[in-house]
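Read top to bottom, the protein sequences are chains A and B.
The first sequence begins at 12 in the working numbering and counts up by one.
The second sequence begins at 266 in the working numbering and counts up by one.
Treat the hints as calculated values from the structure; they're not laboratory data.
Only true hints are included.
Computed list of lysine to any residue pairs in SDA-like fashion (alpha-carbon distance at most 20 Å, straight line): (1) A:LYS94 - B:THR307; (2) A:LYS94 - B:ASN302; (3) B:LYS443 - A:GLY195; (4) B:LYS443 - B:ALA361; (5) A:LYS129 - B:PRO310; (6) A:LYS186 - A:ALA149; (7) B:LYS443 - A:SER199; (8) B:LYS443 - B:LEU364; (9) A:LYS94 - B:ARG306; (10) B:LYS443 - B:THR404; (11) A:LYS94 - A:LYS186; (12) B:LYS443 - A:GLY206; (13) A:LYS94 - A:TRP144; (14) A:LYS186 - A:CYS141.
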Amino acid sequence: MSRIAFLARHPRRSITALATLVAAGAVVVGSGAVFSTQTANPSNTFASGILSQTNSNTGSAILTASNLVPGASHAVHGTVDIKNSGTVGGVFTLAETIAADKDSADGVTGGADRTSNKLSQALHLQIEDCGAWSGSPAVAPDCSSTTSIYDGAFDSVGSSHALSTYGSGEQRRYKFTVYLPDGGTPGSPGATSVGGSGDNALSGAFTSATFTWNAVTN
Amino acid sequence: MNRQLRALTRGTRKWLLLACLAGLAAATNGVLFSGANLATRTSSPIMAASGILKMTNPGAGSAILSASGMKPGDTRSGTLSISNDGSVGGSYQLSANGLTDTPTSPSLSSTLSFSIDDITSGPATNLYTGTLAGFSQATLGSFTASQSRTYRFQLSWPSASANPALQGAQTSITFAWKANT
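Input sequences plus hints: build the corresponding full structure.
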């Protein structure tokens with residue numbers, strides 16, 4: 012006996028079976044009649060997010076420290092604002108590349124390449140997170156209360172130093188501080204500080220480094 | 266009955282299709298692209314250069330003054346200009362060393378009056394007045410980059426100190442200029 016014939020002979024079981032199917036089908040199947048109904052959620056769009064960032068100092072230096080002399084009291088500061096201008100969040104990291112180490116005849120610009128007593132290996136660098144811009148219109152943090160991101164040798168930030176996860180539209184300010192640590196008075200200074208011993212060996216030197224903010228979706 | 270079942274089957278397929286679409290939509294809501302690695306970057310430089318402290322002493326290696334044949338009542342003087350030709354300012358200091366006297370007692374250096382004045386501009390600024398033997402060092406102050414100052418060194422033999430034992434006496438001293446940032 013086919014299942015169809017069996018159900019035809021036992022209408023109560025047919026009704027039970029149909030009721031079960033109706034329950035399972037929710038609003039889809041109404042009765043044994045050929046009524047049908049359906050709902051739809053049209054126009055579903057699937058678009059990828061956008062991760063982009065703006066840098067307040069793109070193309071310009073975060074800081075330019077000219078005529079540095081030994082001592083933390085002679086530190087030079089600079090700030091940069093990084094914004095996640097995309098539509099999705101992103102994990103931000105910071106990378107550093109030492110671009111040059113040169114002699115400097117004027118305490119400002121670079122000259123011939125320097126192979127020893129490099130300024131990049133002597134400077135001290137501090138990077139602080141001043142926090143996010145806030146309010147409407149957004150106001151920059153004043154950096155009076157910061158979180159240390161990095162505090163160490165100028166040339167050792169590395170290629171992927173962790174920062175934080177930015178939400179869409181989040182903008183943060185970073186404070187950079189550079190100084191030449193005081194190694195004490197050189198023992199035998201000559202007429203010029205350049206090329207002497209101790210800290211004098213670092214006189215008349217130039218360095219530059221590039222800091223890159225990388226972000227990937229989280 | 267077969268027609269009813271076919272209709273039922275069609276309805277079930279549609280329901281399943283809708284269920285699948287709903288599930289796909291839910292999965293797409295912020296999840297579907299999470300495995301992707303959208304990336305972006307920006308860069309900014311830092312430039313730093315250390316300064317240069319450089320002193321120019323045109324009389325380096327030679328005497329500021331040579332006072333030969335002095336006698337009580339005489340005054341001799343010499344001048345010297347010191348420059349900071351570096352790119353940064355420095356704190357300058359003058360010190361004396363290597364004082365020698367012949368004879369050692371009585372010593373000519375203890376008899377001669379000695380003064381150092383800054384005569385760069387305007388009224389002279391006295392830095393030291395005393396005996397030559399009593400001078401050890403003087404603070405000259407800060408020199409800005411490219412600044413130059415002129416100093417006058419003066420020796421006087423007081424007439425009242427005409428000690429015959431100082432005839433033929435000699436004294437010498439070395440002045441050292443030092444600058445720190």
